[in-house]
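Build out the structure end to end from the sequences listed, making use of the hints.
Those protein sequences? They're chains A and B, same order as listed.
Following the working numbering, the numbering of the first sequence begins with 1 at its first residue and continues without gaps.
Following the working numbering, the numbering of the second sequence begins with 244 at its first residue and continues without gaps.
Incorrect hints may appear among the rest.
To be verified - To give an idea of the interface, some chain B residues facing chain A are shown, with a C-beta separation under 10 Å as derived from the structure: (1) 326; (2) 357; (3) 378.
To be verified - If you want the footprint, here are the derived chain B segments under chain A, 3+ residues with CB under 8 Å: (4) 299-312; (5) 328-334; (6) 344-356.
Derived by calculation from the structure, the hints in this document are not laboratory data.
Think of the CB as a built atom: it goes at the ideal place given N, C-alpha and C, for glycine as much as any other residue.
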Amino acid sequence: MNATYMRFELLRTFRNGRFFIFSFAFPLILFFVIAGPNKGETDFEGTGISAPLYYMIGLAAFGAMMATISSGARIAGERSVGWNRQLRITPLHAGSYLGAKVLTAYVMATLSILLMYAAGTILGVRLAAADWLAMTGLILVGLIPFAALGVLIGHLLTVDSIGPVMGGVASLLALLGGTWFPVTSGFMYDLARCLPSYWLVQASHVSIGGGGWGAQGWAVIAAWSVVLSLLAARAYRRDTKRV
Amino acid sequence: MVNDTATRTGVELRGLVKTFRSADGPVRAVRGIDVTIAAGQTVALLGPNGAGKSTTIDMLLGLAEPDAGSVSVFGMAPTAAIDAGAVGAMLQTGALVRDLTVRELVTMMASLYPAPMAVEEVLELAGIEQIAAQRTNKLSGGQTQRVRAAVALVSDPGLLVLDEPTVAMDVEGRHAFWTTMRAFAARGKTIVFATHYLDEADAYADRAVLMARGRVVADGPTTEIKAMVGARTIRATLPDVPLSALGRLPGVVNADRHGDAVILACSDSDAAVRALLDEHAEARDLEISGAGLEQAFLQLTGGEDDDEHDPRGDSAAAAEETLR
Ligand SMILES: Nc1ncnc2c1ncn2[C@@H]1O[C@H](COP(=O)(O)OP(=O)(O)O)[C@@H](O)[C@H]1O
Ligand SMILES: [Mg+2]
Numbered sequence: 001m002n003a004t005y006m007r008f009e010l011l012r013t014f015r016n017g018r019f020f021i022f023s024f025a026f027p028l029i030l031f032f033v034i035a036g037p038n039k040g041e042t043d044f045e046g047t048g049i050s051a052p053l054y055y056m057i058g059l060a061a062f063g064a065m066m067a068t069i070s071s072g073a074r075i076a077g078e079r080s081v082g083w084n085r086q087l088r089i090t091p092l093h094a095g096s097y098l099g100a101k102v103l104t105a106y107v108m109a110t111l112s113i114l115l116m117y118a119a120g121t122i123l124g125v126r127l128a129a130a131d132w133l134a135m136t137g138l139i140l141v142g143l144i145p146f147a148a149l150g151v152l153i154g155h156l157l158t159v160d161s162i163g164p165v166m167g168g169v170a171s172l173l174a175l176l177g178g179t180w181f182p183v184t185s186g187f188m189y190d191l192a193r194c195l196p197s198y199w200l201v202q203a204s205h206v207s208i209g210g211g212g213w214g215a216q217g218w219a220v221i222a223a224w225s226v227v228l229s230l231l232a233a234r235a236y237r238r239d240t241k242r243v
Numbered sequence: 244m245v246n247d248t249a250t251r252t253g254v255e256l257r258g259l260v261k262t263f264r265s266a267d268g269p270v271r272a273v274r275g276i277d278v279t280i281a282a283g284q285t286v287a288l289l290g291p292n293g294a295g296k297s298t299t300i301d302m303l304l305g306l307a308e309p310d311a312g313s314v315s316v317f318g319m320a321p322t323a324a325i326d327a328g329a330v331g332a333m334l335q336t337g338a339l340v341r342d343l344t345v346r347e348l349v350t351m352m353a354s355l356y357p358a359p360m361a362v363e364e365v366l367e368l369a370g371i372e373q374i375a376a377q378r379t380n381k382l383s384g385g386q387t388q389r390v391r392a393a394v395a396l397v398s399d400p401g402l403l404v405l406d407e408p409t410v411a412m413d414v415e416g417r418h419a420f421w422t423t424m425r426a427f428a429a430r431g432k433t434i435v436f437a438t439h440y441l442d443e444a445d446a447y448a449d450r451a452v453l454m455a456r457g458r459v460v461a462d463g464p465t466t467e468i469k470a471m472v473g474a475r476t477i478r479a480t481l482p483d484v485p486l487s488a489l490g491r492l493p494g495v496v497n498a499d500r501h502g503d504a505v506i507l508a509c510s511d512s513d514a515a516v517r518a519l520l521d522e523h524a525e526a527r528d529l530e531i532s533g534a535g536l537e538q539a540f541l542q543l544t545g546g547e548d549d550d551e552h553d554p555r556g557d558s559a560a561a562a563e564e565t566l567r
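Next up, the structure:
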C-alpha cells in the first residue's frame, strides 16, 4: 500500500465537513436525545441493562455501519467528476485503490464507535475491559460486508441517487437487524438472522452477555462478505465509462 | 520512462472499431481507425463533435475495450504502458477531487508513479506555483485545467494525451497552456491532442489526423490539412469593381457577385483582405468566415455514409467557428 496516497485519502475524508455530520454527529445526537432522558433507567424495558448501555451498543453498530457504507458516497462523488477514470490511467492498482477505500471506511467506523463509547461513558456506561474489546473486535469483523457494500453502490449509483439509496438500505438493515428494538421471533426473526446487520448488532450485544455469533453468525457474515466483495470488484472493473 | 533505445514508434492504432448501444440503435462511434504516431511527434486529432475523438482516446488509454483492432503504446499494451508510468492524460470531462490543496493533490498523484517529476518542477511547468496552496474546489475553470495538466504531466510521461484541453480557457489561458505543452514536447515527448479548432491544430501540431464520423478522412502535415479545410470566404459590399480584377488579388481563388455584394473564396484570406482594402478602399461590410470543419468534412467525406446510422452529434457540430 502506498503510504502517501493513503495519507491524502484520509486527509481528504477528514476535511469533508458534511461527511462528519452524517457519520458522527447524527448517531451521537440520536443517542443523547433517546438515551439522555432515560439516563437513570437501570432495567430498560425489562432487558436487565441500563438504557444508555442498550442504545450505546445499538447506535455504535448503526453509526459504524453508516460510516462504512458512506465510503460509497465519496466514491460516487469522485466518479461524478471523472476521478476514477483519472486514477485508472495511473499505475495505482485495483487492490491499492480498493484497499485505501476500505481502510478509510474502517478508520471512520472506528472513530464513530469510539465517539459513541465516549458518549456512553458520559451517560454512565461502565463495562469490563474484556467486554469493550470483544464487542469492538466483533463489530469490526461484522463491518466487512458493509465496507464491500459501500464500494459496490459507490461504483453502481450516481452521486444524486446514492444518498436516498444509502439512507434507505442502511435504515432498513438497521431496523431489521434490531438496532432499535430486539427482533426475537417469527418470520422477521428468520429473515433478520440472514442479514449482516443482525449479526453486527449481535456483535455489540456480546458486551451485555449476548451469545456472540455462533456458527450461523460467522457463516452469514462470511457469505455476505464474499458475495458483496465479488459484486463490488465486478462493479469496479466495469466502471470505466464516462459519466 | 521510455528510453531512446526503445522502439521509435510512439502510438500504433490498428483497425480500431467501437460501437455503442443506445436507445435508438447502435452508435458506430469509431469505424476502423489506423494511425501510427512516431515517438516525439505532436499530433492533433481534429474533428467536429461526435467524430469519435474521445472514444479513440478512451481506447488508446485502455479505458474502453475496442470491439476490433489493437492499440500499442511504445510497443506495449495500454495497461502495461500505464503501469510503467509512460502515459499521462487530460480527459475531456473531469474535474479534481476536492478537499486537498493543489500541491497536496499533485504530491498524491506523483506518489503513484515509479519515476515522477519533482512536485515543484511540475507546479512550475504548469504555471500553478501561485495557486499551490489553494484548495482544489476553490479554483476557476482555467486554473482547474492547469492543475489537471499538472496531474497529466507529473509522471514525466513519454506520451501525453489531451482531449480538448483548452475548451474552458480564455485566450491568455490557452496561450499559457500551449507554452507549457511546447516546453514539454521539446523534451522529446509524444503528444496527442484532440481538438475541433483548426487553428489550434495548425499552431501546435506537426501533423493533423482529420476525423469525421468515426473515420480518418485525412492525415498529414498541418499545413496540408489547413489548405484542405481551411478555405475561407470574404464577403464585402463593393458594387462597381469587375470580378476579374477581384479574382486576380493574392490569396483569392474565386470571385462571385450577389447584387452589390462580392464573395471571394480564398486560399489565404489574410493576404486577400489586405490586398482588397489596399486596392479597393471603398469596400464595406467586410465579413470573413471559415467554411467550418463540419462543412469541410462533409465535402471531404462526400456524405458517403448517409445510408448508415450516423453517430449522434455530427450535425450539432461546428457551431464554433474555426475562425477566432
Ligand atoms: N457511452 C456511449 N454510449 C452511446 N454513445 C456514445 C457513448 N460515448 C460516445 N457515444 C457517441 O459516439 C460518438 C462519438 O463520440 P466521441 O468519441 O465523444 O466524439 P468526439 O470526442 O469526437 O466529440 C458520438 O455520436 C457520441 O454520442
Ligand atoms: Mg470528445
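For each hint, the structure was consulted:
1. 326: holds, 5 Å
2. 357: With Cβ-Cβ at 7 Å, under 10 Å, it holds.
3. 378: holds, 8 Å
4. 299-312: Check passed, 5 qualifying residues.
5. 328-334: holds (count 5)
6. 344-356: holds (count 8)
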